[in-house]
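Chemist: Next come the chains, spelled out residue by residue.
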Amino acid sequence: MRQWRSIAREAVAQVSIVVKFLSFLHVTDSYLFSFTHVLGPSMLPTLNINGDVVLVEHLSHRIGKVGAGDLVLVRSPLDPRKTLTKRILAVEGDKVTFCLDPPRDPTRDYRSRSLVVPKGHVWIQGDNWYASTDSRHFGPVPYGLIQGKVFLRVWPPNSFGSLGQ
Amino acid sequence: MGTLSVVWSIAKNCLTVGVITLTVSDLFASIVAVRGASMSPTFNPKTNTLLDSLSDDRVLVEKFCLRKYKFSHGDVIVFCSPYDHKEKHLKRIVGLPGDWVGTIYDVLKIPEGHCWVEGDNSASSIDSRSFGPVPLGLVEGRVTHILWPPHRIGSVGRKTAQNRVSSS
Numbered sequence: 001m002r003q004w005r006s007i008a009r010e011a012v013a014q015v016s017i018v019v020k021f022l023s024f025l026h027v028t029d030s031y032l033f034s035f036t037h038v039l040g041p042s043m044l045p046t047l048n049i050n051g052d053v054v055l056v057e058h059l060s061h062r063i064g065k066v067g068a069g070d071l072v073l074v075r076s077p078l079d080p081r082k083t084l085t086k087r088i089l090a091v092e093g094d095k096v097t098f099c100l101d102p103p104r105d106p107t108r109d110y111r112s113r114s115l116v117v118p119k120g121h122v123w124i125q126g127d128n129w130y131a132s133t134d135s136r137h138f139g140p141v142p143y144g145l146i147q148g149k150v151f152l153r154v155w156p157p158n159s160f161g162s163l164g165q
Numbered sequence: 001m002g003t004l005s006v007v008w009s010i011a012k013n014c015l016t017v018g019v020i021t022l023t024v025s026d027l028f029a030s031i032v033a034v035r036g037a038s039m040s041p042t043f044n045p046k047t048n049t050l051l052d053s054l055s056d057d058r059v060l061v062e063k064f065c066l067r068k069y070k071f072s073h074g075d076v077i078v079f080c081s082p083y084d085h086k087e088k089h090l091k092r093i094v095g096l097p098g099d100w101v102g103t104i105y106d107v108l109k110i111p112e113g114h115c116w117v118e119g120d121n122s123a124s125s126i127d128s129r130s131f132g133p134v135p136l137g138l139v140e141g142r143v144t145h146i147l148w149p150p151h152r153i154g155s156v157g158r159k160t161a162q163n164r165v166s167s168s
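Those protein sequences? They're chains A and B, same order as listed.
92 is the number that UniProt numbering gives to position 92 of the first sequence; each next residue is one higher, with no gaps.
30 is the number that UniProt numbering gives to position 30 of the second sequence; each next residue is one higher, with no gaps.
Hints are computed from structural coordinates only; laboratory data are not their basis.
Computed from a predicted structure; not experimentally measured.
A virtual CB, placed ideally from N, CA and C, is assigned to each residue, including glycine.
Treat the hints loosely; a few may be bogus.
To be verified - Footprint (simulated), chain A over chain B, 3 or more residues, beta carbon under 8 Å:
1) 12-20
2) 112-119
3) 130-141
Isolated chain A, as found in the complex (with noise of 0.2 Å):
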């Protein structure tokens, strides 16, 4: 009988310790910063079409500290178990004139234009205006839908560094 307690309260301070430890790095993946691995055309040329990790911190989204021309982490309004990364052209109140790819599509009507971000949206573009799928395609986003700002590349290392405006 004794033997079952002292083994289930060894049970019980393992699993706490992996319990606080997992919590702890939820915690930290989703408040304060974590490693992404960004891939895809869109953003070319600051990011690879290979993929790059990215450090991406969690805080400032949170506390409305981004702005335009912050490189964000967005969940697709498309897909919500997407995630884009995308740079912010544009917050509530700006006027924003666009036009979409011309060569591509003779059909579609490539005249520029122009629209007011709303309230509590920002408008979002890749870097490489050619090969991606943008605000220009489905408008402004909301804020809410912002996960975090993308701060620091880590991988390749020989392009290590900050990214910027």
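Fit chain B to the supplied structure of chain A, relying on the hints for placement.
Modeler: Chain B only, in chain A's frame:
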């Protein structure tokens, strides 16, 4: 010397408890107070009983639905307001992507990745009829049970509005 280590160990315990609570409320379930009467009579019916008029309802919000983002018609969800990311709203899903929803002005198709939400109390509810379809990425959780007041403890069912929504 003794008090410093006592204070330090209390602080460590508080921090650990706080971190674990935050993780549980992010990944499993959390308790939320319902404000306003936009979901009357499901929540906050404001009848004449003493308990109802004293305090707001408390509901259990589960976060497992955020793994696959799979919702059904009639689910009550908590989501960030599209106009202010610090505000949270609690409404019922009336339409899912691909559905056609009829408002008094026209009929529109809900785009991919969005949903149409409405409050049960149509007269006093600011919902998709005002701000349009809501991206599913703004959803924070799904309401499953009422936890307070005690005489209305129970699970929250699905109510569908068959007459206004045509599903694909």
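Chemist: For each hint, tell me whether it holds in the structure or not.
Modeler: Hint-by-hint comparison with the structure:
For the region 12-20 of chain B, the proposed coverage by chain A is satisfied: 3 residues have a C-beta within less than 8 Å of a C-beta in that chain, meeting the threshold of three. Judged by the Cβ-Cβ criterion of 8 Å, the region 112-119 of chain B is covered by chain A as claimed, because 3 of its residues qualify and three suffice. Judged by the Cβ-Cβ criterion of 8 Å, the region 130-141 of chain B is covered by chain A as claimed, because 5 of its residues qualify and three suffice.
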